[in-house]
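Chains as they are written, first to last, in my numbering: chain A, 149 to 400; chain B, 149 to 400; chain C, 149 to 400; chain D, 149 to 400.
In case anyone wonders, no lab produced these hints; they're calculated from the structure. Check before you lean on any hint, since a few could be wrong.
Have a look at the derived ranges for each label pair, beta carbon to beta carbon [stated by the list, open to error]:
no.: 1; chain 1: A; residue 1: Leu-231; chain 2: B; residue 2: Lys-265; range: 52 to 62 angstroms
no.: 2; chain 1: A; residue 1: Glu-262; chain 2: D; residue 2: Ser-259; range: 52 to 62 angstroms
no.: 3; chain 1: A; residue 1: Leu-280; chain 2: D; residue 2: Arg-329; range: 25 to 35 angstroms
no.: 4; chain 1: C; residue 1: Glu-213; chain 2: B; residue 2: Ala-162; range: 39 to 49 angstroms
no.: 5; chain 1: C; residue 1: Glu-152; chain 2: A; residue 2: Glu-262; range: 29 to 39 angstroms
no.: 6; chain 1: B; residue 1: Val-293; chain 2: C; residue 2: Leu-231; range: 30 to 40 angstroms
no.: 7; chain 1: C; residue 1: Ala-162; chain 2: B; residue 2: Glu-298; range: 31 to 41 angstroms
no.: 8; chain 1: C; residue 1: Ser-259; chain 2: B; residue 2: Pro-297; range: 36 to 46 angstroms
no.: 9; chain 1: C; residue 1: Arg-156; chain 2: A; residue 2: Pro-297; range: 38 to 48 angstroms
no.: 10; chain 1: D; residue 1: Ser-259; chain 2: C; residue 2: Glu-263; range: 30 to 40 angstroms
no.: 11; chain 1: D; residue 1: Tyr-343; chain 2: C; residue 2: Asn-307; range: 25 to 35 angstroms
no.: 12; chain 1: D; residue 1: Lys-265; chain 2: C; residue 2: Glu-152; range: 53 to 63 angstroms
Some residues of chain D that are not near chain C, with every Cβ distance over 12 angstroms (derived) [stated by the list, open to error]:
no.: 13; residue: Met-149
no.: 14; residue: Val-167
no.: 15; residue: Gly-199
no.: 16; residue: Gln-209
no.: 17; residue: Ile-211
no.: 18; residue: Arg-222
no.: 19; residue: His-279
no.: 20; residue: Gln-328
no.: 21; residue: Pro-367
Under the rule of at most 35 angstroms between Cα atoms (straight-line distance), these lysine-lysine pairs were calculated in the DSBU-like manner [what the hints assert, rightly or not]:
no.: 22; chain 1: C; residue 1: Lys-300; chain 2: B; residue 2: Lys-267
no.: 23; chain 1: B; residue 1: Lys-165; chain 2: B; residue 2: Lys-300
no.: 24; chain 1: A; residue 1: Lys-369; chain 2: A; residue 2: Lys-165
no.: 25; chain 1: C; residue 1: Lys-300; chain 2: D; residue 2: Lys-197
no.: 26; chain 1: A; residue 1: Lys-265; chain 2: B; residue 2: Lys-197
In this text, a Cβ means the ideal position worked out from N, Cα and C, and glycines have one as well.
There are 4 protein chains.
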Amino acid sequence: MIEEISVRYLDTSAEKKPVDPILIEGLPGIGQVGKLVAEYMIHMLGAEKIGEIHSIYFPPQVILEENGMARLARNELYCYRSLGKDLVFLVGDHQSTSNEGHYLLADQYCSVAEELKVKRIYTLGGFGVGHLVNDPRVLGAVNRVELLPELKAAGVTFNREEPGGGIIGAAGLMLGLAAQRGIDAVCLMGETSGYLVDPMSAANVLTILSKLIDVPVDPTKLNDRASEMEKFIEKFVEGNRLQKDEELSYIG
Amino acid sequence: MIEEISVRYLDTSAEKKPVDPILIEGLPGIGQVGKLVAEYMIHMLGAEKIGEIHSIYFPPQVILEENGMARLARNELYCYRSLGKDLVFLVGDHQSTSNEGHYLLADQYCSVAEELKVKRIYTLGGFGVGHLVNDPRVLGAVNRVELLPELKAAGVTFNREEPGGGIIGAAGLMLGLAAQRGIDAVCLMGETSGYLVDPMSAANVLTILSKLIDVPVDPTKLNDRASEMEKFIEKFVEGNRLQKDEELSYIG
Amino acid sequence: MIEEISVRYLDTSAEKKPVDPILIEGLPGIGQVGKLVAEYMIHMLGAEKIGEIHSIYFPPQVILEENGMARLARNELYCYRSLGKDLVFLVGDHQSTSNEGHYLLADQYCSVAEELKVKRIYTLGGFGVGHLVNDPRVLGAVNRVELLPELKAAGVTFNREEPGGGIIGAAGLMLGLAAQRGIDAVCLMGETSGYLVDPMSAANVLTILSKLIDVPVDPTKLNDRASEMEKFIEKFVEGNRLQKDEELSYIG
Amino acid sequence: MIEEISVRYLDTSAEKKPVDPILIEGLPGIGQVGKLVAEYMIHMLGAEKIGEIHSIYFPPQVILEENGMARLARNELYCYRSLGKDLVFLVGDHQSTSNEGHYLLADQYCSVAEELKVKRIYTLGGFGVGHLVNDPRVLGAVNRVELLPELKAAGVTFNREEPGGGIIGAAGLMLGLAAQRGIDAVCLMGETSGYLVDPMSAANVLTILSKLIDVPVDPTKLNDRASEMEKFIEKFVEGNRLQKDEELSYIG
């Protein structure tokens with residue numbers, strides 16, 4: 149019988165076991181801000197994969213990879229080791245498709261954090277404002293009030309008015325559920341329109357996170373993606389136009 | 149593994165343990181009538197928090213508080229002690245997001261009532277009529293027919309035609325489920341348009357409830373909230389307008 | 149902890165225990181045809197209530213009765229005793245709100261049938277054709293091919309084309325699930341527009357069912373309901389118009 | 149208590165037990181391509197039924213057969229025996245109605261494959277492109293990279309761009325879940341508009357599958373179905389028109 153949620157560590161992960169690490173969650177969400185930051189850090193720091201999470205709460209589909217391989221939708225754990233500054237990353241294809249699944253997955257992520265003796269969790273996300281933003285701020289939330297001064301000093305904005313209703317999904321729930329386990333957790337949200345993948349917002353989140361964890365990561369290439377994206381959008385629009393022309397000629 | 153529903157009592161709650169209390173449920177619902185009444189009573193009577201309820205059936209999000217703190221969506225239990233007239237309040241951010249969850253939560257609320265040796269439950273709600281009402285009535289329902297005379301004497305209207313299909317959510321289910329446990333339960337519904345938070349309707353419910361439980365609570369400040377709310381709506385409308393202007397100037 | 153589905157027999161039901169009965173299911177459905185037939189038979193035969201079924205798969209609400217009493221949404225079991233022709237009726241407020249719940253409830257109904265040593269199940273429903281029908285036929289389905297001749301002889305129409313995709317809900321599932329338990333089951337569907345409660349279609353189903361079970365039930369009063377309904381619809385339309393006028397005068 | 153998923157083998161199936169078979173999945177999906185191929189092969193090869201799968205995750209309804217019999221929605225297992233080339237087919241009425249059910253069913257199908265010592269799984273589906281296709285290609289996906297050369301040699305197209313987001317339902321999930329059990333699995337998808345049942349696309353999938361498993365099946369009659377379908381569509385359109393006329397004359 150399939151498990152509702154399964155966490156598997158790679159055989160090689162024992163050697164790479166992190167010591168008192170910080171956990172950085174960057175699952176898909178508004179503007180893909182969290183995903184961009186976490187995946188970029190994994191790439192730039194050369195973090196290595198240590199585990200995989202599968203769940204019946206993910207969408208019921210396989211993902212096609214470039215080489216023709218299909219694999220289950222999944223979340224992944226990556227590890228970066230650096231004396232006294234070990235990092236574990238939680239990234240992946242999807243979050244839960246059901247409300248209850250969101251709770252069960254977020255609780256499992258906190259179990260992983262507890263097993264790995266994580267000393268602090270950073271969850272990353274976007275904060276959609278519904279219009280384009282010139283200089284996106286980084287908004288924050290914490291699960292213990294004593295964490296605030298350090299974050300304000302690092303340039304995080306705290307404004308109760310803004311994330312009005314709350315923070316949805318893993319980025320939010322992990323704060324609440326980690327508190328029940330006595331693990332400190334901070335959510336960093338990059339201000340974003342919410343309409344597009346937003347590397348500019350991600351770069352600002354990265355800059356502050358990098359300062360907070362004292363692990364330098366050059367945001368330049370993330371900024372570069374912003375112009376790449378503009379080109380992609382142009383190509384996409386043009387592609388749609390060409391396809392329409394083709395269909396018309398087919399029918400005609 | 150996370151519990152589907154968890155009830156936790158605060159450490160200090162032992163001293164405040166109520167004696168043969170009345171349970172007043174005021175969770176979110178139509179016109180927020182029940183929520184307004186119960187939270188206003190907690191405030192005016194200085195009731196103290198004795199417990200928290202969390203559940204995977206609540207929306208999968210954390211609530212942001214003014215100080216930058218994020219906390220899980222929750223329900224809360226408050227206690228007011230007064231010789232022979234102890235009250236327990238059940239209030240909170242949300243009800244269930246699923247049909248089955250509504251039953252499981254309402255049953256858990258009745259378990260709490262049984263544990264606390266509650267002698268009667270009052271569930272509070274709004275009865276939406278779809279148009280503005282000048283002098284909102286208080287409609288009622290009971291789970292034991294012998295309760296009717298006392299309620300009619302207090303000014304509660306019983307009219308089968310009106311809450312046509314039934315009473316949805318905790319305010320209704322607790323009547324049915326409490327009956328199975330032998331606990332008397334009454335639902336008081338303030339007539340309301342259903343479009344807006346309705347403090348006027350809440351004030352009428354409060355007046356009758358206060359009489360029924362013989363605990364005086366001055367409804368004046370609840371009436372005051374009506375004018376506050378009008379101001380809030382004005383501000384909200386104006387804020388939207390300003391934001392639109394800003395966006396226009398940004399694009400232009 | 150609340151049961152997902154609970155079946156409770158009344159204390160008095162032991163004396164009324166049916167002997168080798170026929171089970172007649174008439175839960176809500178298309179045109180309320182099945183419900184009308186079963187509830188009319190209960191009324192005309194003076195069948196007595198022997199049990200209640202509650203479930204978290206029913207809508208999360210209580211039903212308001214004329215006397216101000218609220219009760220859980222439920223299904224009911226009624227029993228009619230007549231030497232060699234005992235009947236058990238399954239009627240109620242609602243069917244399941246979820247797909248899985250439909251299976252779990254229908255299976256529970258079949259468990260009840262097995263416990264009561266039911267020798268045959270008749271499930272009743274409407275077959276919606278999307279337009280008004282002058283002389284509604286009674287369509288049928290069986291769970292054992294040997295049952296066909298008897299039904300055809302009684303005037304039931306079998307036409308594969310017609311209930312195209314299948315029969316949804318308890319009326320259908322009980323046929324499939326009863327077969328697995330070795331209990332014969334027949335579905336009788338009254339042709340109906342599907343837009344309105346349809347007593348004319350119900351009268352035709354009743355006439356055939358009455359013949360099949362050899363228990364005479366006069367359909368006259370069911371036919372009378374057809375004209376009552378026309379009056380009700382007229383009143384309803386007029387009522388809506390009056391309410392609109394009232395609202396206009398309120399605003400004006 | 150009903151099982152969430154039940155697999156029953158027919159009594160006669162012991163004699164027909166396949167030896168190291170290949171499993172071919174053709175459940176309903178886009179353009180019914182997989183269903184058409186698998187059911188056509190069962191018909192042409194004279195494969196015999198060996199088992200049935202029922203589940204509460206299928207739609208809550210019974211299917212009406214031509215003879216007035218109603219049966220539960222189900223999946224079926226068929227077996228074709230031929231020395232060294234035994235085949236097992238998985239076909240049926242429906243896939244899951246819920247996301248979680250898709251995972252639980254696909255995992256159960258893989259359990260069946262493991263029990264029957266299946267050496268390879270072929271899942272069949274359609275790949276909807278949103279416009280009519282003149283010469284539909286057969287696209288592929290694998291769950292082990294070493295399977296690619298054989299498939300490319302047989303004419304399967306691998307193009308990462310095309311099944312963009314992934315493969316939904318059993319055809320996809322079985323690849324991912326079979327990999328966890330060490331069973332090779334291949335998905336063959338016929339390019340199709342996605343709007344209609346597509347026998348032309350099915351014929352192309354059949355041709356390639358037949359080559360891969362080295363079991364010749366003449367696709368001619370599948371091609372014939374293309375013209376039958378055109379006639380069916382004409383009749384269907386005409387039927388609707390006639391019905392409309394009838395309704396008009398009824399009202400008029």
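Against the structure, the hints come out as follows:
1. A:Leu-231 with B:Lys-265: 52 to 62 angstroms: holds (58 angstroms)
2. A:Glu-262 with D:Ser-259: 52 to 62 angstroms: The hinted range 52 to 62 angstroms is violated for Glu-262 of chain A and Ser-259 of chain D, with Cβ atoms some 32 angstroms apart.
3. A:Leu-280 with D:Arg-329: 25 to 35 angstroms: With Cβ atoms ~49 angstroms apart, the hint is violated.
4. C:Glu-213 with B:Ala-162: 39 to 49 angstroms: Cβ of Glu-213 of chain C to Cβ of Ala-162 of chain B: about 41 angstroms, so the range 39 to 49 angstroms holds.
5. C:Glu-152 with A:Glu-262: 29 to 39 angstroms: holds (32 angstroms)
6. B:Val-293 with C:Leu-231: 30 to 40 angstroms: holds (37 angstroms)
7. C:Ala-162 with B:Glu-298: 31 to 41 angstroms: Taking Cβ atoms as reference, Ala-162 of chain C and Glu-298 of chain B lie about 36 angstroms apart, which means the hint holds.
8. C:Ser-259 with B:Pro-297: 36 to 46 angstroms: Given about 42 angstroms between the Cβ atoms, the range holds.
9. C:Arg-156 with A:Pro-297: 38 to 48 angstroms: About 59 angstroms separates the Cβ atoms of Arg-156 of chain C and Pro-297 of chain A, which means 38 to 48 angstroms is violated.
10. D:Ser-259 with C:Glu-263: 30 to 40 angstroms: The hint (30 to 40 angstroms, Cβ to Cβ) holds, given that Ser-259 of chain D and Glu-263 of chain C are roughly 32 angstroms apart.
11. D:Tyr-343 with C:Asn-307: 25 to 35 angstroms: holds (29 angstroms)
12. D:Lys-265 with C:Glu-152: 53 to 63 angstroms: For Glu-152 of chain C against Lys-265 of chain D, whose Cβ atoms are near 37 angstroms apart, the range 53 to 63 angstroms is violated.
13. Met-149: violated (7 angstroms)
14. Val-167: holds (31 angstroms)
15. Gly-199: The claim stands: Gly-199 of chain D keeps its Cβ more than 12 angstroms from every Cβ of chain C (closest is about 15 angstroms).
16. Gln-209: violated (4 angstroms)
17. Ile-211: violated (5 angstroms)
18. Arg-222: violated (9 angstroms)
19. His-279: holds (28 angstroms)
20. Gln-328: Its Cβ never comes within 12 angstroms of chain C, the nearest being 25 angstroms, so this holds.
21. Pro-367: holds (29 angstroms)
22. C:Lys-300 with B:Lys-267: Roughly 59 angstroms separates the two Cα atoms, so the pair is violated.
23. B:Lys-165 with B:Lys-300: The given pair, whose Cα atoms are some 32 angstroms apart, holds under the 35 angstroms limit.
24. A:Lys-369 with A:Lys-165: Answer holds: Lys-369 of chain A to Lys-165 of chain A is near 29 angstroms, not above 35 angstroms.
25. C:Lys-300 with D:Lys-197: holds (31 angstroms)
26. A:Lys-265 with B:Lys-197: Status holds; Cα separation ~33 angstroms.
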